Amino acid sequence: MSALMIKDLSVAEELDFKAMKAVHGGFAAYPDFPAINLDFSKRIGDVQQMIQQQMNISNVSGGNAFTSGLTTTITPTMLANNNVSVS
0 MSALMIKDLS
10 VAEELDFKAM
20 KAVHGGFAAY
30 PDFPAINLDF
40 SKRIGDVQQM
50 IQQQMNISNV
60 SGGNAFTSGL
70 TTTITPTMLA
80 NNNVSVS
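Oh and the sequence shown: position 25 is 24 in numbering that gives the first Met the number 0, straight run, nothing missing.
Just so you know, not all the hints are guaranteed correct.
[As the list claims (entries may be wrong)] Restraint-style ranges between C-beta atoms, simulated for each label pair: (1) L8 / V46: 43 to 49 Å; (2) V59 / A79: 26 to 32 Å; (3) A11 / F39: 22 to 28 Å; (4) N55 / A34: 52 to 58 Å; (5) Q51 / A18: 51 to 57 Å.
Worth flagging that the hints you see were computed from the coordinates, not collected in a lab. Keep in mind the model is a prediction, meaning the values are calculated, not measured. Even for Gly, the Cβ is constructed at its ideal location relative to N, Cα and C.
Build out the structure end to end from the sequences listed, making use of the hints.
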């Protein structure tokens with residue numbers, strides 16, 4: 000097994016994509032991930048997102064004068080999502 004140590008790079012040296020592609024080795028435990036090109040220059044035009052929710056709860060189960068011992072459990076839940084797909 001041979002070892003290569005790079006000593007001629009300063010700490011502040013920056014390598015471009017081509018130079019980094021020529022570097023091999025490292026630990027086998029770390030997987031090799033492909034390069035991902037992220038382009039943040041695209042502008043999303045007018046994205047209109049609007050969610051309107053309304054909930055009215057009326058609990059009148061114990062409102063009778065001739066009843067006793069009535070219990071009511073109300074657990075309201077509302078969920079809304081806005082998603083924008085840019086291609």
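Now for the hints, and whether the structure bears them out:
1. L8 / V46: 43 to 49 Å: Since the Cβ atoms of L8 and V46 sit about 45 Å apart, the hinted range of 43 to 49 Å holds.
2. V59 / A79: 26 to 32 Å: With a Cβ separation near 28 Å, V59 and A79 satisfy 26 to 32 Å, so the hint holds.
3. A11 / F39: 22 to 28 Å: 26 Å, holds
4. N55 / A34: 52 to 58 Å: At 54 Å between Cβs, range holds.
5. Q51 / A18: 51 to 57 Å: 54 Å, holds
In summary, this structure violates none of the numbered hints.
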